[in-house]
Amino acid sequence: MLKKTDPEIVAFLCNWCSYAGADLAGTSHFHYPPNVKVIRVMCTGRMNPLLTLSAFRHGADGVLISGCHPGECHYMEGNYLARRRIALFRKLLGFVGINPERLRMSWVSASEGNKFSRVIKEMTEKIKQLGPLGLEEE
Amino acid sequence: MDNEKLIAEAKTVLLRGDIVGIIGYQKDSQGFRVSPLFVRDERDIEKLFFSPLCWLSLVNYLTLEKGRLLQKGNPGKKAKVALMVRGCDSKALNQIIIERGLSRDEVYVFGIPCNGVIDLKKIEKMFPDVQGSAQVSENNGFYHVRCNGKSHEVPKEELIADSCKHCVSPNPILYDVLLYTPIVVKQPDYRDIEEIDNMSIAEKWEFWREQFSMCVRCYACRNACPLCYCDDCILERLSPQWIYRSVNMSENLIFHLARSFHHAGRCAGCGECERVCPVNLPLMLLNRKLEKDSKELFHYTVGEKAEQKPLLATFNPQDPDDFIF
Amino acid sequence: MMENPYIPHQAVIDRIKQETTGDRAIKTLDVKLQNNASDKSFQFHPGQCAMLGILGVGESMISIASAPSQNDILTFSIMKLGRVTSEIHACEEGDLLTIRGPYGNYFPLSDWKNKNIVTVGGGIGQAPLRSVIRYVLDKRNDYGDVDIIYGARSVSDLCYRDEFEKLEKGNKVYVHLSIDEEEEGWKQFVGFVPDNLLRIKPSPNNTIVITCGPPIMITLVIKKLIGLGFQDTQIYTTLEKRMKCGIGKCGRCNVGSLYVCKDGPVFSYQQLKTLPET
Amino acid sequence: MNCFILSKNNLNDFLAALDSYELFVPIRKNGITVLAHIDDPLAIKLDLTSQPYLVKQTIFPQTESLFTFDRKKGIKAPSFETNHKSQVVFGIRSCDARGFCIIDPVFEEDYPDPYYIHKRKSTILIGLQCIEPFTNCFCTSVGGSPSSTEGLDLQFTDIGESYFVEVITQKGEEIIKVTAPFLSCPDKNQSVKKDEVKKDAEQKVKRKIDVNQLSQKIEQIFEDSVWSDLAEKCISCGICTFFCPTCYCFDIQDEIIRGKGKRLRTWDSCMYSEYTAHASGYNPRPTRMERLRNRIYHKFKQNIDRYGVSGCVGCGRCITLCPSNEDIVENIETLQRL
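Protein chains in written order, with numbering that gives the first Met the number 0: chain A, 0 to 137; chain B, 0 to 324; chain C, 0 to 277; chain D, 0 to 337.
Check the hints yourself; a few may be wrong.
Covered by chain A, according to a simulated footprint, are these stretches of chain B (three or more residues, beta-carbon under 8 Å) [as the list claims (entries may be wrong)]:
{"id": "1", "region": "142-151"}
{"id": "2", "region": "217-231"}
Residues of chain D placed beyond 10 Å of chain B at every Cβ, according to the derived structure [unchecked claim]:
{"id": "3", "residue": "L17"}
{"id": "4", "residue": "D69"}
{"id": "5", "residue": "I74"}
{"id": "6", "residue": "A76"}
{"id": "7", "residue": "E149"}
{"id": "8", "residue": "T168"}
{"id": "9", "residue": "F221"}
{"id": "10", "residue": "K232"}
{"id": "11", "residue": "E273"}
{"id": "12", "residue": "P322"}
These are computed hints drawn from the structure, not numbers from a lab. Virtual Cβ for every residue (Gly too), placed ideally from N, Cα, C.
Using the sequences provided together with the hints, build the complete structure.
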């Protein structure tokens, strides 16, 4: 059970690489903090900023968007488009006083179960430091 | 600026036969107010005018109600609408054309180099009790204001709209006829953005909290924006519902972040959102922040070239990746 | 303490019947009020509506399709259209709904004793008419002949087909179904509802006509009825508007100065003629 | 009617004496005057020069929970019986107070609305006589006046060094009881001065509309093409309705955040196309023409038919704030000319 003070992270993982990577992390028993809720998306390229904002609004303290390494996107360039969008969106978040570290991206391939667990560990640590975001309050 | 050329051009255009009407500005009978004017025949042509009081964008009217204006009075035929377009408006229009929201041959553009317009709230505060119609013209950094039978000289910076202070595109980037002489372009100035960038995260949060707590979500910022021309706004949809209807800090914040981000790489900088806001939110700060960062991160400037792929529909393999694990 | 009109009762779905399938599928739901809502609080008349809802999704105004005599069970036929109706379609028997009402006025059936009744319905518009028909059959001796004229786009879009078959057996009830386009095996009328009405030519003599369906159908039906010699006072319809509160406060369902939720939904053509935007 | 004098120097003390109430006072924020809920009147800078916006928020909040729910445990209805503090709203203009009187019957008739009625009953409205009506004010044409006390419990009039305080209702008396130490009796001169200020203000209302036979007119020309012309400028935002003291239309929606559900009502606007759109996609008011027509119809016909009084208080805010200069005074003039 998560305590109320534990940070919550929503991870949007692409179907082709990162979701498989997370799966591998699980089957290989690489431990990572239980603070993450995984949502599978077909490609990081479909990540509308509204998905990120919704996650924050409904209580997420951090959002991770993870896809294939550059050049390996199943749809050729979805991850590149996502990267540009997220780079800019992070600037906007920072501008209104939401620490941009709350929105991160990672490249995790299907064989990188280890990396996935490392990413979640690092992200959880960072979000713990930042404390709750509190957007679920009014 | 004299209106003679405008009226002469308007008359010529109306005679062409392929133009269903002209969207322009007219002076209201009250105070400093200016309204859109929809000219369909010669009777109204003389009312057309332009002055520093013309503080609203007309581009919006091309796309309202699925471009009804374009179809009106000319069903079935490929119709054209003529409209008066300032520098910023032309960028918006260009963007809509790039996005295929309109086709270039549906519009006839009266291009108007614009030296900045007056903030109605400011001038109404300075001259609160104007009887009848007031006139304003610009000369050498001063506005010459005529109201209640008297003349006043007011330094330009006291009345100019804030969004115009940052204008870097006073001259139309597309037009069919250019009225008046082009204006010397200023260098971009992002000091206002940098001021906020330099605040701490907590200070920024406090600043925007105060602002967004005032928002009543009347959606005027969206409806006035020439680039908000979707028939069905995603922020109003019920399934899926991205934003709840309740008006509180969190929902308002999400609304404004989503709204401004939808204009990333699109915003023409006309300042309509800020102009219409009944609670005076500094919404252009959000738009200009995105504009500034688009330049810095992706070397992208809206309206730089007439045909330009939208910012977020393209990428560069060398785009920044310092936030990626 | 004043009653709070926004607090709904809870009701459990007793039975679900799939009437039609496809994009705009229709299901008929029997719902049973939960114990805290006594029968007394839900006395209704044919023509009235209720706000059905699901907590967390919202509410939607739906015509009551059952007769008042059906005690503690209320029947609703619901087309899958928006957010609420889609969620209701996803419900299973035993699931809970919220319910408020009954709302609105109703057909003045007690004024129509000994008259013949003709109902002209299209698509989902048959739901409130079903309530009328059942009411009349409950009090069979009080009313004359009943003609049911009903149509839909295709055979698979017709609601209550099994019920019509039973109704026709004696009872002086005559059912006239139609579909818009020819289909194999369909032996009854092919064409639009107003045309079926013209074919049947009900006599205006001592007769009341109630019509409900898409706005365009209602308009045409009324036109044809006038042509057949019906008076404005013999024609009744029920209107549909988007509603939120159901109690004449939220503002959106006005026609002229009247609210459809409270002053309607039932209007005689005599009234309707005086209202703008109808 | 009881009358008192409150020295301007004592205004903050007067307000501070109202600590058993929830207190709302006008302050300046972002260049506009709004009502703020405050705890310490001594620490606040009041803005008494301008008409506050959004006064209806205090009784008819923009977002209001109708009840909370838990999908498993069911509905939890609010209680109106608890000992909520009454609220005092200070510094509002006659038009806003009158606005409440106009929407009262909507919430009172047939199915009384406990949320509104409860708040209305437990709110004391203290008015501040309008001295400088705004350019777009036309209250005197629609049955109001800058000096009207309709709907107010106390009325303050600025007579120079002090306020002339008129007690209008029993609820007003309540306030007098707790603030008595700061009040004194007016003398003849002060009374005369107050009357002068009031009369002066009434004459300063410049704009006028002709409401004579207006509702009949609107009915006659309902199908006229003039409505399309009037609506051509409109951009379909909600400013005119949200800032209108008598617009009360609302939406009801359910919201769930982390399992906690609420059924809420929020202000809605007849200027949005979504307002009347059916789930089927059909919309009885698909364009700006129908919507603008409905707004004017509601104010000047429907409200008269239903409640016998014009639904417009003439505050002029819809004109002042309109992004595209829709001007209801000009619109009515155009209609009346037909």
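Discussion item. Could you work out which of the previously given hints the structure breaks and list their numbers from low to high?
Written reply: Violated hints: 1, 2, 10, 11 and 12; rest satisfied.
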